[in-house]
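Chemist: So you can see what is in the structure, the chains are spelled out below.
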Amino acid sequence: MAARQQLAPVLRRLRPGRCSAKLGRQATLQLPVSGAVRCFSESRRRCLRSTAAVAAASGKFTSETYPDIKRDGRFAQLTADHVAYFRGLLGSESAVIDGVSSSDAVDDIEPFNSDWMRKYRGHCKLVLKPGSTDEVSKILKYCNDNMLAVVPQGGNTGLVGGSVPVFDEIVINMSRMNQILDFDEVSGTLVAEAGCILEVADQFLAGKGYIFPLDLGAKGSCHIGGNVSTNAGGLRLLRYGSLHGTVLGIEAVLADGTVVDDLCRLRKNNTGYDLKQLFIGAEGTLGIITKVSILCPQRSPAQNVAFFGLESFDKVQQAFREAKGQLSEILSAFELMDEGSQALVRQVTNNKSPLEGQYPFYCLIETSGSNADHDSEKLAAFLEEVMEKGVVADGTLAENETQIRSLWAWREGITEALSHLGGTYKYDVSIPLKELYQLVEDTRARVDEAGLLGDTDDFPVRAVVGYGHMGDANLHLNVSTRRFDARVERVLEPFVYEWIAERQGSISAEHGLGLMKKKFIGYSRNPTMVGLMKNIKDSFDPKGILNPYKYL
Amino acid sequence: MSALRILVPVKRVIDYAVKPRVNKAQTGVETAGVKHSMNPFDELSVEESVRIREKNRAPGGVEDICVLSAGPPKAQDILRTAMAMGADRAIHVEVKEGEDLEPLAVAKLLKAAAEQQKSNLVILGKQSIDDDANQTGQMLAGLLGWPQATQASQVEFGEGDTVSVTREVDGGVETVRAKLPMVITTDLRLNEPRYASLPNIMKAKKKPLEKKTLADFGISAEKRLKVLKVTEPPARQGGGKVEDVDGLISKLKELGAI
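So the protein sequences, as listed, match chains A and B.
As numbered in the working numbering, residues 1 to 552 make up the first sequence, in order.
As numbered in the working numbering, residues 553 to 810 make up the second sequence, in order.
Extracted from the complex, chain B is given alone in its bound form (with noise of 0.2 angstroms):
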């Protein structure tokens, strides 16, 4: 059984409990002084990288946890959050503000990284709550010809090198099982991400961060899609208050109701 090399890779987004605006030139959502933090179902990658790990779930151990983010110089802040959480090092790929990958040039991305890593098993979230493409890790799977279990709700580690993974389907779960290495993508009920402590907060300062630029990994951040208009979804319309009987009457009688 081979030790588990473990890639995980985390997105910066918008806090999910902070409601995104649209910007004035309705080219995208305004970022500027929003709060931001890891995307929620990166949280569960790392998370269960972690407890794979403490819990000696895997047979061969785990060598590696490695979590890697491209974004702007902020995402430091999430993979300094991950290595508090436990993963070992990090690898921040410096994009420029504003200037975003789409979903293959991630996958093309990751596929470069987990190579030179010598990375037996990716778990990425299934999806990033800004842009909800849910395609990265299925490409990533398909550009490096490894087997992909998508939307885990529970991993369980076998004799030679196998993994079965439970995912909640239409109706009832399925389980499938494949061999290292592979790609797992996360869905919600896999953990409960843990608060990092103090302590391990600090030692994530002490953790190791490369620096890389996409051209070390033979990427451009060149884009195939164009975003023509981002807007808003039209507002709810709110119910209205009746003093009392009467008033509901006269109002169901106004609407024609009755």
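Extracted from the complex, chain A is given alone in its bound form (with noise of 0.2 angstroms):
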């Protein structure tokens, strides 16, 4: 088999678009070659360090590309007391980056002042990494009693800043806290602390013949305890649901150091409201997740992927219709690419496509079951019809594991190229399918008339695109800009949430409000609801001193 080892590293050396991200990520985590589904997937903070940020220039900091949002005068200043305190409680030296009494630790706090887009930058002076669920009460009850603003980190790969301090916030890192702590091999429950990154956990599970039930681009580095905070929806979706089916429990910790304990392990439970709901998606508003129980489901022995080119969005849908028609339970999911986002992918990755011709639409179709030959059987019939029908132009079907991650690359590769070229005004929006890409078309008509889009060096705008979830009428638009220039916002803004709002579509469908949407809630829902969700805030948080200015 020695073959086998030599064959690695020669592929990887002889297709260089996957080559950085992959090595990025191994040299991280240190997984086998051979072990991990779709290994090309982007580790996205070491990878792009050097990458240029969106809009807001690289290093700016947030209180400067946002004047208007002000520091909050209640909470108080950190001080060499602050820091004493933390230093005696948390013991151990790595536990505290303190940049409070010397200036010396200012490279080893930029990490976790900015995002891994360097779209959003801190002024923190202070992170903290708890190891116990202990020392992160204490934390919280300090700062409560003493009015510090904190802000909750995981593995900070979200998009909408909300994982980063705007002022001097102490942020919170979970990262120490990264142990499994149990796993029942008869009903797939896994108990894990919030710092455990996605990919081990996985990796962990595939090892019991189990899957973790969300998979998404950041696998490498993002923590499941910021997944369930952010309620991260992904690529897996489509077959196993959102995370608020599959979590069963959550221990978390409120502002002023109270343990939730509701870390159940129980399908079913209806005993009184559902308190854990709250903490999913609520993005370390209402308190700080420290472990969390989740449902996995199986994992599927058999995979099958598909890749075709389409002729319109109409074709699309029809798609789509047959797919579940006649995949129907072994459909796990169908992606949508267009020729923009595809073109992009292609000058930066320079891999050769996987079809011949170039088509307006492209989708990816991944089947997993648990016999393959029966999957293969209905994939081909099904391949069969749509190719019969018209319905698809070309396509292609993976013949090896090689060509099902290659094939993966061409949608998960979207982000991390378009992050090569520049900045990305990047929306992550759910409208009924129907019109799912026509936001995508009259943006970029838009752009187009207001004279900003074109080819060349004159033009702000590169290109755009559009690409997402199909199955879950989940689409990303993203402009790709060349530079930053203030009339391609204003374009752009409310413009897309007002169409957006229109068809009571959502403005956020999984990257979350954060920062970035903070002040377009009202687009997706209304001022009753929004009213209510500042009576819980209020009543789990009542000094807010968890993740302010963001959010609500």
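Hints were generated in silico from the structure; no laboratory data involved.
Incorrect hints may have been included.
[What the hints assert, rightly or not] Straight-line C-alpha distance at most 30 angstroms; calculated DSBU-like pairs for lysine-lysine:
no. : chain 1 : residue 1 : chain 2 : residue 2
1   : B       : Lys-576   : A       : Lys-208
2   : A       : Lys-208   : B       : Lys-781
3   : A       : Lys-378   : B       : Lys-764
4   : A       : Lys-208   : B       : Lys-793
5   : A       : Lys-378   : B       : Lys-781
6   : B       : Lys-759   : B       : Lys-648
7   : A       : Lys-378   : B       : Lys-576
8   : B       : Lys-793   : A       : Lys-138
9   : A       : Lys-378   : B       : Lys-755
10  : B       : Lys-757   : A       : Lys-389
11  : B       : Lys-793   : A       : Lys-378
12  : A       : Lys-352   : B       : Lys-587
13  : A       : Lys-208   : B       : Lys-626
14  : A       : Lys-378   : B       : Lys-758
[As the list claims (entries may be wrong)] Simulated restraints on C-beta separations:
no. : chain 1 : residue 1 : chain 2 : residue 2 : range
15  : B       : Thr-583   : A       : Gly-88    : 57 to 65 angstroms
16  : A       : Gly-207   : B       : Pro-785   : 15 to 23 angstroms
17  : B       : Lys-571   : A       : Ala-381   : 30 to 38 angstroms
18  : B       : Gly-723   : A       : Ala-206   : 37 to 45 angstroms
19  : B       : Asp-683   : A       : Gln-438   : 53 to 61 angstroms
20  : B       : Lys-571   : A       : Lys-70    : 50 to 58 angstroms
21  : A       : Gln-438   : B       : Glu-649   : 48 to 56 angstroms
Note that beta-carbon positions come from the ideal geometry of N, C-alpha and C, so glycine has one too.
Put the two chains together into one complex; each comes in its own frame, and the hints tell you how they fit.
Modeler: Laid out in structure tokens, this is it:
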């Protein structure tokens, strides 16, 4: 089998597009080459360090980009006494990164101060890394008593600036709480600490024949606590549903240090309000999640991936209907990409496109099942039918694991490709399927009319592209820019949000609100609901120390 | 210049991205329920044959591309894949599951097949990634009495039935030239195999696939070698993590490094 080991590095070298990401992640996690499914996913923070950020020029403080956000004067300034308390509490040298008493630690703090796209940057001077729920509780109690604002932080892979400080909030980073605590091989219930990296948990489960019900591009860096806090959606949602269904229990710490122990491992528990649901998607504004118990489905031994080119969005919808009808229970992903997004991936990776010709739309279909023969037969029948009916214009079927991974790279690599090209305005929206792509077309026309879109350096906008989870009616509208230009933002906002509100869509389907979409919540939620949310926030965190300036 | 009749032997192996596991009895690796696909080197052979035709690289043209696989019934899947990539027809030599052929037997089988099919060029992978023998191509050339060019990274056709093959060797490249008929084995940098398109996958279902047995070629699956034991390589000792500088120092002291 020696050739296997030789083959992996050589193939990697031969296909330049994937190498950096793959190496980056392996270096950090030391995973076996063959272990992970879809190995090429980005380890964003490390890979994209040098990438110029989104519209807000890199290195610019959030407080400069958004001068209208003012530091809340109720919060106390950090002093050496505070730091001394935390040092005494956490003991270990590595648990406190102190930029208050000396300026030596500035470089060490920087990664905690800005997000991976370098779009947001805070002025934080203190990072705490608690190692237990008890420590989290004591930290929060002290902060609450002394009016110190905090930002809970996981893998810091968010896209809306929810996990980085705006001013001098203390960062509570969960990376030291990374243990898998328990796994029940019969029921498939996993209990783990919040700082456990998603891919580590998934690899652990793979060894037991199970799968984590969530998968996303940043799996090599993101924490499951962060995933739950942001109610991350990702690639497996179509099949396994949202975290609101799969998370069985949560242990969280409230702002005053109270530990909420709802680490239930039962599927059914109709006793009172289901409070854990509030923490799912609360982005750390109600409490800090410290432990999670989650129901994991059986890992499917057989996987197939097909990739299509289609002539129109009508055909895409038709293909989706056919796929649901014919593949039903084995369909595990139906992803949409437009030609614009694929052109950018081609440009950045220099990989050869899987299809000969170019089509306005591409779809990626994944099936997962327990019987490879059964799945292949179903898929073959489906492919034959959509080809014959002329629903799809061309397509290909992955013949081996390597091709499965490289086909997925055309979908998963879009985010990374975009970030290599400059700043991107990202909108993560949910709209009824029928009009899903209309948003991209309308936005493109609008940007073009304003004279901002073009192929040369004279135009600030390079491309307006759309891709996303077709199966979940979730579209990512991305506007790739060459440089920051205030006109672009004026053309896009509030146009995009209004467009979505008219169709009762969601302005944030899976990325959350964070800082970026805080002021747009009204487009998707009515005042009554926002008011109720504020009541909840007040009763969980009366002093408002948890993740201030964001969310509501 | 004679038209090319290319024979491309392909093998069904455990997918290169799958980590093979040794069976409990330590007599081989577990194959049941494991994803199989075409040996990656054989994909290169198929791709190269198809490209020779598509790009009209051979002055005499390509008359026939025939893929051949000896293996269990499932091996027909990879033959269909090869035909979807562009091969004209396939021959499946049925060998019972678990009854593997040794390189010499394969070489003898291919010799008989090359003669039957009137092939004048055999392009095969330099080795299969399951047993890593890297012997079949060389033995085949010996049995046929044809010239061989192994580990090809580039293949060019010249006047008068000559073929120049570039091969990567330690410290550089080496170019060899020979006359047809000949045997070429492929290496990783030769090309990048294509994705079979859906229309071609469907056309491949209608291409001829001939079923044969070892007896049709006068070969038996008799073994000359006996596998005594198969074991996994020793597990690599992972590194440990230390909390901070003090932890590192005490660890180094513990190991007697300082």
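Chemist: Does the beta carbon distance between Gly-207/A and Pro-785/B stay inside 15 to 23 angstroms, or does it fall outside?
Modeler: holds (18 angstroms)
Chemist: Straight-line Cα separation of Lys-793/B and Lys-378/A no greater than 30 angstroms?
Modeler: It is violated: about 48 angstroms lies between the C-alpha atoms, which goes past 30 angstroms.
Chemist: Does the alpha-carbon distance linking Lys-208/A and Lys-793/B stay inside the 30 angstroms limit?
Modeler: holds (25 angstroms)
Chemist: Lys-378/A and Lys-755/B were given as a pair; does the straight-line alpha-carbon distance stay at or below 30 angstroms?
Modeler: holds (18 angstroms)
Chemist: Just tell me: holds or violated, for the beta carbon distance of Thr-583/B and Gly-88/A against 57 to 65 angstroms?
Modeler: Hint holds: Cβ distance 59 angstroms, inside 57 to 65 angstroms.
Chemist: Within 30 angstroms, alpha carbon to alpha carbon, are Lys-378/A and Lys-764/B?
Modeler: holds (29 angstroms)
Chemist: Are the Cα atoms of Lys-759/B and Lys-648/B separated by 30 angstroms or less?
Modeler: holds (24 angstroms)
Chemist: Given the hinted pair Lys-378/A and Lys-758/B, is their alpha-carbon gap at most 30 angstroms?
Modeler: At roughly 19 angstroms apart (the allowed maximum being 30 angstroms), Lys-758/B and Lys-378/A satisfy the hint.
Chemist: Taken at face value, is the distance from the CA of Lys-781/B to the CA of Lys-208/A at most 30 angstroms?
Modeler: holds (27 angstroms)
Chemist: Decide if the proposed pair is consistent with the structure: Lys-793/B and Lys-138/A, CA atoms, cutoff 30 angstroms inclusive.
Modeler: Roughly 26 angstroms between the alpha carbons, so the hint for Lys-793/B and Lys-138/A holds.
Chemist: Taken at face value, is the distance from the CA of Lys-587/B to the CA of Lys-352/A at most 30 angstroms?
Modeler: Given that 30 angstroms is the threshold and the Cα spacing comes to 25 angstroms, the pair holds.
Chemist: Holds or violated: Lys-576/B with Lys-208/A, Cα cutoff 30 angstroms?
Modeler: Given pair Lys-576/B, Lys-208/A holds - Cα atoms ~18 angstroms apart, limit 30 angstroms.
In terms of the numbered hints stated before, the structure departs from hints 5, 7 and 11, listed from lowest to highest.
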